[in-house]
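Peer 1: Using the sequences provided together with the hints, build the complete structure.
2 protein chains.
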Amino acid sequence: MNFDNRLTRLLGVKVPIVQAPMGWIARAQLASAVSNAGGMGIIETSSGELDQIKLEIAKMRELTDKPFGVNIAQAFVRDPGIVDFVIAQGIKFVTTSAGDPAKYCRELKAAGLTVFHVVPTLKSALKAVEAGVDGLVVEGGEGGGFKNPEAVMTMVLLPLVAEKVSVPIIAAGGITCGRTMAAAFALGAEAVQMGTRMVSAAESPVHQNWKDAILAAEETDTLFLNHFSRPALRALRTKKTERLERELVPGYQGPPVMAEFANARELYFGGDMEASIALSGQVAGRIHSIKPVKQIIDETVAEYAQTIRRLNA
Amino acid sequence: MNFDNRLTRLLGVKVPIVQAPMGWIARAQLASAVSNAGGMGIIETSSGELDQIKLEIAKMRELTDKPFGVNIAQAFVRDPGIVDFVIAQGIKFVTTSAGDPAKYCRELKAAGLTVFHVVPTLKSALKAVEAGVDGLVVEGGEGGGFKNPEAVMTMVLLPLVAEKVSVPIIAAGGITCGRTMAAAFALGAEAVQMGTRMVSAAESPVHQNWKDAILAAEETDTLFLNHFSRPALRALRTKKTERLERELVPGYQGPPVMAEFANARELYFGGDMEASIALSGQVAGRIHSIKPVKQIIDETVAEYAQTIRRLNA
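Protein sequences appear in the order of chains A and B.
Straight run, no breaks: the first sequence in the working numbering ends on number 1006.
Straight run, no breaks: the second sequence in the working numbering ends on number 1006.
Derived from the structure by calculation, the hints contain no laboratory data.
Fair warning: there could be bad hints in the mix.
Which copy? The list can't say, so a pair holds if one copy fits it or any two copies do.
Simulated pairs of lysine-lysine, DSSO-like, Cα-Cα distance not exceeding 27 Å [to be verified]:
| id | residue 1 | residue 2 |
| --- | --- | --- |
| 1 | K904 | K857 |
| 2 | K932 | K816 |
| 3 | K987 | K857 |
Peer 2: As structure tokens, then:
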């Protein structure tokens, strides 16, 4: 299967599969595996640990000679030097998210970078195009992580945006295999992004307990939290998230849900699943084994090709 | 475009597009237009008005010589004679929903009917197959109407079920055009069901105000109500549903949400959008004009074919 579309050409990748920029997780070990397998590895900055990120980017250059990108999650990265930082690192591809697409776009593009913005609605997609982005990551509400409280699902959002914009689209939310990749392409995407699938990968640095929780999850085992406020989040069902789901309703007086991430490391790397919140998409219910990234990508491509052949028959 | 798959053969239709069984709406005027356009029109029984339904079925025989079906929404049809009623009407295709798939399946199949059950999770899909159904309507949470409180979206649910069952699948939830039909087929369906698109159709009997509200809706203009109880519902955003969304949370003490449907006729046919609840899927944000059913089906088929060609290129 040879992919050749606007996104493989623009990103310089063999396979139009992008790894999502999960905070603390999307670092060199995982991202280099994705880039080496022909996809697009992304380094996160949402942890805010820019000194560490600098080392991770240096590691990337040791671990792969393939393209990779960096995500700037604007709501979480408060360092005003983030753009200079990314440019100075020699990064060529940036996704911006969780903020005004106009904020960094001009500066990044002036420095020669390719800039995509992550959007959860048509309105935000049009605003990003207006700001001059090169493309969009269109993110459906079934995906994991921090979400727009008014969650629109991939089956609705993706064709809605695709019909209204001419820039290339990376589809996120619900994507985990070749069938879903083919569906996303039918809806108008030219690449897909995988988050939860990559969290579960062999090269993902998260604690085995988190991976085991993904394997054990059924498709009903994520909860959509805090949707009367912002940011909303989709996360694995735990005792904590079941409690939070019922508490984070109108009239809630407790600490902001983001306070839970002060203990992120205890969950992410310590394996205490009740210490914080394990962000996850509904695709957790479709993930039944831990696989190396290369196998995930190869199987996705093979199933994509098989699906297109089946549609032709 | 000639469709020829298990579902066109099993249902005897030219086009594998099924119209959803909306209470009060899915009657002869709308359903005959769908059957005459090559799809599968369905008559509802969830209104409970069986004397009227009998007349509607008689009307169907005047208005079309094509196949049509009947839905039995088990939670809403309390008449114990419903199965005898459907068999006596000479119906050949039944979808059952909102209840135990084993309840009516054996009796309906013994009478020679084809029986599909509507399922919102993998567990319910496996239970329906175990009960002996001929096929499944796999319904994602982005769709309108009464829903499982633990909503799983089409992009996740459909491939999950398709990989685990061998019976044919009708995909529902998020389907409104040829792109989404092609995506559903990529995910494993052999037919699609449209609800909100059919509510908006020229032949739909609902008041113009409801159709206008669909045309005006953005993709964020449906709300998912009552998901701490059952049934949950997805409906258009109105003053009433915005209030209900905030009220129907843990600790709610008011009347059950179903009490709102005592006034359904005032909304459905009287046009008072605050009198009851206008059930609707997120696809409302993708519907921009009122079209005759035949045009909806013809355009969907043409766009489906075009999408498959695009995927091949």
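Peer 1: A separate judgement is required for each hint: does it hold in the structure or not?
Peer 2: Each hint, compared with the structure:
no.: 1; hint: K904 <-> K857; result: between (38 Å within a copy, 22 Å between copies)
no.: 2; hint: K932 <-> K816; result: between (36 Å within a copy, 22 Å between copies)
no.: 3; hint: K987 <-> K857; result: between (34 Å within a copy, 25 Å between copies)
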